[in-house]
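Q: Spelled out from the first residue to the last, the chains are:
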Amino acid sequence: MSRIRRKQREMRSAIILVAPFMIIFAIFFLYPTIKVVMLSFTNAPLIGDGDWVGFDNYAKLLTDRLFRTSLWNNLYFVVLTVIPTTVIALLIALAVGQLRGRMQALVLTLFFLPYILPVSVVTLIWSWMLDFQFGILQPLIAAVAGRPVAVFRDPNWVMPMIALVTVWWTNGFNVLLFIAGLRNIPQDLYEAAALDGATPWQRFRRITWPLLWPVTTLVLTLQLILQLKLFDQVYLLSAGGPFNQSYVVLLQMYREAFQLNNGGYASAVAMVLFAIIVILSVLQFQLLKIRGRR
Amino acid sequence: MTAKRARNVAFVTLVLIAAFIWVFPLYWALTTSLRSESRIVSDAGVLLDEINFASYLSVLATSQLPRWYLNSVGTSLIITITVLFTGMMCAYALSQLRFPGRKLLYLLIVASFMVPIPALYVAQFILMNDLGLVNSWGGIIMPQLVVPVVIIVYKQFFDAIPREMREAVLLDGGGEFTLLFKLYLPLNWGITAALAIITFISAWNNFFWPFLIASSESMMTIPVGITQVYDTFGIAYGRIMALALLAAAPVILAYLVFQKRVTEAVMISAGVKG
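Chains Y and B are the protein sequences, given in the same order. Just so you know, we're using my numbering here: the first sequence kicks off at 1 and counts up by one. Just so you know, we're using my numbering here: the second sequence kicks off at 1 and counts up by one.
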């Protein structure tokens with residue numbers, strides 16, 4: 001009898017404890033998730049009802065040249081950011097790992113600092129750094145290009161420069177992950193290797209790199225997913241221009257929904273990104289499971 | 001030995017130079033914000049040789065910065081407190097109690113990591129419009145209350161607490177709430193502080209959602225508000241940099257003061273995602 005009562009009490013407590021989160025989760029997450037799927041099959045405006053149009057929106061996406069441009073630009077941006085940021089973060093982490101005490105703390109702070117800034121602070125500062133007339137980096141750009149360049153209005157420069165700003169902004173996070181990974185490598189492995197007369201390169205190649213590989217794949221996949229969600233920097237730095245050279249999927253979702261009043265079509269655009277990221281996440285999860293089994 | 005030492009000094013110097021180049025944009029923003037507008041465009045010496053607060057005073061007098069501060073502090077605080085409370089309660093139930101649907105709930109929370117939140121913004125905006133919350137604190141806050149990582153982190157920490165401690169409190173006649181707030185929470189102040197700081201920083205830094213939902217200038221949060229000033233100031237980089245630094249100051253301070261907690265929290269939540 002008392003066991004049953006105790007069980008009932010446990011259940012009542014559980015319901016009370018779980019309810020606040022569950023209610024918020026259901027209303028502001030689950031419902032919008034279902035809603036966006038439903039909307040993508042309608043021709044609804046942003047506010048108001050629409051008619052069910054089946055797969056029309058998706059069929060339209062296949063022939064939408066702007067959407068194809070958006071997807072390509074997302075892919076281009078991933079290429080420009082993911083591997084460079086991983087390499088730079090690894091190099092910084094290796095360097096920071098060689099330092100000791102206060103010096104290490106100082107250097108890590110400096111490299112991590114940009115990561116905690118709001119995106120618009122980052123874009124305002126870089127717009128000034130790269131200003132066509134007065135930007136302090138223009139002499140550097142002139143040395144490369146032979147002339148000053150209004151980088152966010154130049155079709156060739158725009159994406160690489162947004163990538164540069166993004167790497168500067170988000171790199172600190174990756175540095176931190178690599179440093180945590182480096183700390184997990186047992187120190188005696190290096191001592192044994194040093195006794196065997198291994199060169200620094202051999203120690204990196206045979207110990208650091210293989211033991212750090214799980215962290216490296218984590219950084220790569222997290223970055224891949226993060227950089228596909230590009231919106232803020234593009235909207236603030238180039239607004240998708242010039243000539244749609246920096247137009248990306250989320251920017252198209254924003255324009256369709258909030259400027260052209262096509263809620264249904266915008267939802268279909270969102271669903272494509274949704275699907276890509278869910279697939280990548282599942283792959284990442286599988287990858288980690290394989291690694292775990294080994 | 002001296003050759004090795006010289007090499008070491010050279011290495012440290014090199015790393016330091018690289019680190020200072022990395023933060024140069026921030027230094028340059030500071031230098032610019034402390035110069036008079038006329039000098040900014042006439043001579044661009046890199047040394048901090050002028051300390052002139054005119055840009056800061058002008059920004060505080062002419063923009064709605066104080067109002068944006070209030071909006072950012074208010075919404076971020078409410079988000080942080082709500083996320084932590086609902087998260088720790090849910091995590092406690094998942095970790096310590098047996099109830100039907102527990103597995104399913106856990107699975108839902110883990111699966112929700114995969115969903116790219118911006119893909120929901122159209123539907124969330126429509127929902128906020130139906131609820132009459134467009135252009136209000138409620139509208140800014142509510143969709144940001146779902147932070148499932150907090151639950152998973154808390155659950156891992158609660159799982160690690162020995163069962164015997166729990167039995168002792170139960171024998172003394174304590175209920176689940178006593179357990180949570182008198183035992184599990186006090187044992188986890190460290191992680192609570194860490195989660196609070198990064199939840200606050202990410203709410204403070206969120207741009208996309210407040211940008212969509214706050215339509216009038218007086219409802220904007222800092223990251224959104226400061227992008228409006230081109231219209232007001234024109235090209236006036238001294239004032240724009242002053243504004244950017246005033247907007248960043250709270251998070252920079254929070255980071256410098258709570259550095260260890262911030263890095264700890266970033267590492268733990270990344271570990272959970274991995």
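Any given hint might turn out to be false.
If you want the ones that stay clear, here's a sample from chain B, every Cβ over 10 Å from chain Y, calculated [unchecked claim]:
{"#": "1", "residue": "V15"}
{"#": "2", "residue": "L47"}
{"#": "3", "residue": "D49"}
{"#": "4", "residue": "A123"}
{"#": "5", "residue": "I152"}
{"#": "6", "residue": "L187"}
{"#": "7", "residue": "I191"}
{"#": "8", "residue": "T192"}
{"#": "9", "residue": "S216"}
{"#": "10", "residue": "Q259"}
{"#": "11", "residue": "R261"}
Derived, one-sided and incomplete: chain Y residues facing chain B with beta-carbon distance under 8 Å [unchecked claim]:
{"#": "12", "residue": "K35"}
{"#": "13", "residue": "A180"}
{"#": "14", "residue": "L182"}
{"#": "15", "residue": "F274"}
In case anyone wonders, no lab produced these hints; they're calculated from the structure. The structure presented is a predicted model; accordingly, all values stated were derived computationally and were not measured. From the three backbone atoms N, C-alpha and C, an ideal C-beta is built for every residue, glycine too.
Q: Run every hint past the structure and note whether it holds.
A: Hints, one by one, checked against the model:
1. V15: violated, 5 Å
2. L47: Correct as stated: the minimum Cβ-Cβ distance to chain Y is 13 Å, above 10 Å.
3. D49: holds, 15 Å
4. A123: B/A123 is in fact no farther than 10 Å from some Cβ atom of chain Y, at 4 Å.
5. I152: Label holds. Min Cβ-Cβ 12 Å, cutoff 10 Å.
6. L187: Nearest chain Y Cβ is 17 Å from B/L187, so the label holds.
7. I191: The assertion about B/I191 holds, with a minimum of 16 Å to chain Y.
8. T192: holds, 16 Å
9. S216: holds, 15 Å
10. Q259: Since the minimum Cβ distance to chain Y is about 7 Å, B/Q259 lies within 10 Å and the statement is violated.
11. R261: holds, 12 Å
12. K35: holds, 4 Å
13. A180: holds, 5 Å
14. L182: Since the shortest Cβ distance to chain B is 12 Å, the answer is violated.
15. F274: Holds, because the Cβ-Cβ distance from Y/F274 to chain B comes to roughly 4 Å (cut-off 8 Å).
Hints 1, 4, 10 and 14 from the earlier list are contradicted by this structure; the remaining hints agree with it.
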